[in-house]
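Protein chains in written order, with this note's numbering: chain A, 3 to 97; chain B, 3 to 97; chain C, 3 to 97; chain D, 3 to 97; chain E, 3 to 97.
Treat the hints as calculated values from the structure; they're not laboratory data. Check the hints yourself; a few may be wrong.
As the list claims (entries may be wrong) - Straight-line distance between alpha carbons at most 30 angstroms, and here's what the computed BS3-like set of lysine-lysine pairs gives:
1. C:Lys-37 to E:Lys-37
2. C:Lys-31 to D:Lys-39
3. C:Lys-97 to E:Lys-97
4. D:Lys-53 to A:Lys-31
5. A:Lys-53 to B:Lys-86
6. D:Lys-86 to E:Lys-97
7. D:Lys-86 to E:Lys-53
8. A:Lys-97 to B:Lys-92
9. D:Lys-86 to A:Lys-97
10. C:Lys-31 to B:Lys-31
11. C:Lys-53 to C:Lys-31
12. A:Lys-92 to A:Lys-37
13. B:Lys-86 to A:Lys-97
14. D:Lys-53 to A:Lys-37
15. D:Lys-86 to E:Lys-31
16. D:Lys-37 to A:Lys-86
17. C:Lys-86 to B:Lys-53
18. B:Lys-39 to A:Lys-39
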Amino acid sequence: MILGIVEGTVVSDQNSFDIPGGRYLLINKCNQAGKLKNEFLVALDLVSAGKDEMVMIAESTSARETPTTKNKAVDAVIVGIIDKIDENDKVVYTK
Amino acid sequence: MILGIVEGTVVSDQNSFDIPGGRYLLINKCNQAGKLKNEFLVALDLVSAGKDEMVMIAESTSARETPTTKNKAVDAVIVGIIDKIDENDKVVYTK
Amino acid sequence: MILGIVEGTVVSDQNSFDIPGGRYLLINKCNQAGKLKNEFLVALDLVSAGKDEMVMIAESTSARETPTTKNKAVDAVIVGIIDKIDENDKVVYTK
Amino acid sequence: MILGIVEGTVVSDQNSFDIPGGRYLLINKCNQAGKLKNEFLVALDLVSAGKDEMVMIAESTSARETPTTKNKAVDAVIVGIIDKIDENDKVVYTK
Amino acid sequence: MILGIVEGTVVSDQNSFDIPGGRYLLINKCNQAGKLKNEFLVALDLVSAGKDEMVMIAESTSARETPTTKNKAVDAVIVGIIDKIDENDKVVYTK
Chain A
3 MILGIVEGTV VSDQNSFDIP GGRYLLINKC NQAGKLKNEF LVALDLVSAG
53 KDEMVMIAES TSARETPTTK NKAVDAVIVG IIDKIDENDK VVYTK
Chain B
3 MILGIVEGTV VSDQNSFDIP GGRYLLINKC NQAGKLKNEF LVALDLVSAG
53 KDEMVMIAES TSARETPTTK NKAVDAVIVG IIDKIDENDK VVYTK
Chain C
3 MILGIVEGTV VSDQNSFDIP GGRYLLINKC NQAGKLKNEF LVALDLVSAG
53 KDEMVMIAES TSARETPTTK NKAVDAVIVG IIDKIDENDK VVYTK
Chain D
3 MILGIVEGTV VSDQNSFDIP GGRYLLINKC NQAGKLKNEF LVALDLVSAG
53 KDEMVMIAES TSARETPTTK NKAVDAVIVG IIDKIDENDK VVYTK
Chain E
3 MILGIVEGTV VSDQNSFDIP GGRYLLINKC NQAGKLKNEF LVALDLVSAG
53 KDEMVMIAES TSARETPTTK NKAVDAVIVG IIDKIDENDK VVYTK
């Protein structure tokens, strides 16, 4: 999974997903300390992530292996909100 | 999902898809504000996207998880037309 | 899907595919106007593409979603021969 | 599969995986001799890998083809702990 | 499929594959003439490839579509040993 920060929302009324309540968020990829990479993608939100939260994103086909996304053409899903990351025994990120 | 602008059409009479009415569009990838990256791909259109519209594209296997593309060797599908994107509480794109 | 030009053939008698008549072609990726990128891959041919023809290639798992490739470890398949591409209302490639 | 060194842990209480005991590790990709690339990813641990061990990671959809990850949106899984690598008849890494 | 040269072996006793007799080989990617790229990956061997042989590798999910790898988290498999490649009517590689 890759890490990213929620920076905004994407509105698409005319789409092929048909997911009631589905939210598409604009994600800026980041490193394990939260440093932004300014590489963006659009991901479906499954965990009610909020703005500026660090999240884990599953890409590729894996993105549709949930009850919500089953048999949908989704290739990026937010699968977790990050609470804490430690690297070499030092905490490098906390929510 | 990635973002792109519809820039043209691709005609391929001799293909293995057998999708009646299937349209293949030439997409120029763009950022969330619509700035073109001049990186191109060919995607199957599922939402009747028009020229110069910004669209969301699902890549990889996810692209065949729709009634139309089921069991077809499609790896890029236009899944939504973008109406609006906001980033850090500012609208950076509107249709 | 990506675009490429057929530049040669790859012979592999000892393989795990067991696809009667399967042909493996050497593909040079190209842009929408046919300009070569000199990035190469090997793809299974499903449409009897000929040398120097521009083709569409589906990569990733999508490549095995055809009667021929079902349940085979194929990750790149030629799915169409390109007849014409237009970009911003100009024809940039014809067969 | 790619190679990496376990450098830390990632805590995400609010996630969509629902894998009891699932551990998410911070991986620094490395070459076959253990040289770090400083390219990081988050992977689910299936083999009880410890800090500083070199591991093999399966990415993409393949990551959910285990009893634990079946039908979960996981796209990176640690599938093996590396004991030894030889390259051109020289041992370049041992645990 | 991509091309590579077999350069060594990878030993991992503690793994989640449970493939009797499964061999993991260290592959150095190469071009169609056998020129090494010094980009390495670990692949499961299905065709009894030997050291210094040029092989075709299927990546991504496609890698588990064989009787041996079915439902295993394998994302790179050696699917064929290359005998000959011709490019623009010249033989650029022979075994």
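Hints, verified against the model:
no. : hint                 : verdict
1   : C:Lys-37 to E:Lys-37 : holds, 23 angstroms
2   : C:Lys-31 to D:Lys-39 : holds, 28 angstroms
3   : C:Lys-97 to E:Lys-97 : violated, 35 angstroms
4   : D:Lys-53 to A:Lys-31 : holds, 25 angstroms
5   : A:Lys-53 to B:Lys-86 : holds, 17 angstroms
6   : D:Lys-86 to E:Lys-97 : holds, 29 angstroms
7   : D:Lys-86 to E:Lys-53 : holds, 17 angstroms
8   : A:Lys-97 to B:Lys-92 : holds, 24 angstroms
9   : D:Lys-86 to A:Lys-97 : violated, 38 angstroms
10  : C:Lys-31 to B:Lys-31 : holds, 17 angstroms
11  : C:Lys-53 to C:Lys-31 : holds, 14 angstroms
12  : A:Lys-92 to A:Lys-37 : holds, 16 angstroms
13  : B:Lys-86 to A:Lys-97 : holds, 29 angstroms
14  : D:Lys-53 to A:Lys-37 : holds, 23 angstroms
15  : D:Lys-86 to E:Lys-31 : holds, 20 angstroms
16  : D:Lys-37 to A:Lys-86 : holds, 26 angstroms
17  : C:Lys-86 to B:Lys-53 : holds, 17 angstroms
18  : B:Lys-39 to A:Lys-39 : holds, 17 angstroms
Taken one by one, the earlier hints fail for this structure at numbers 3, 9, listed in ascending order.
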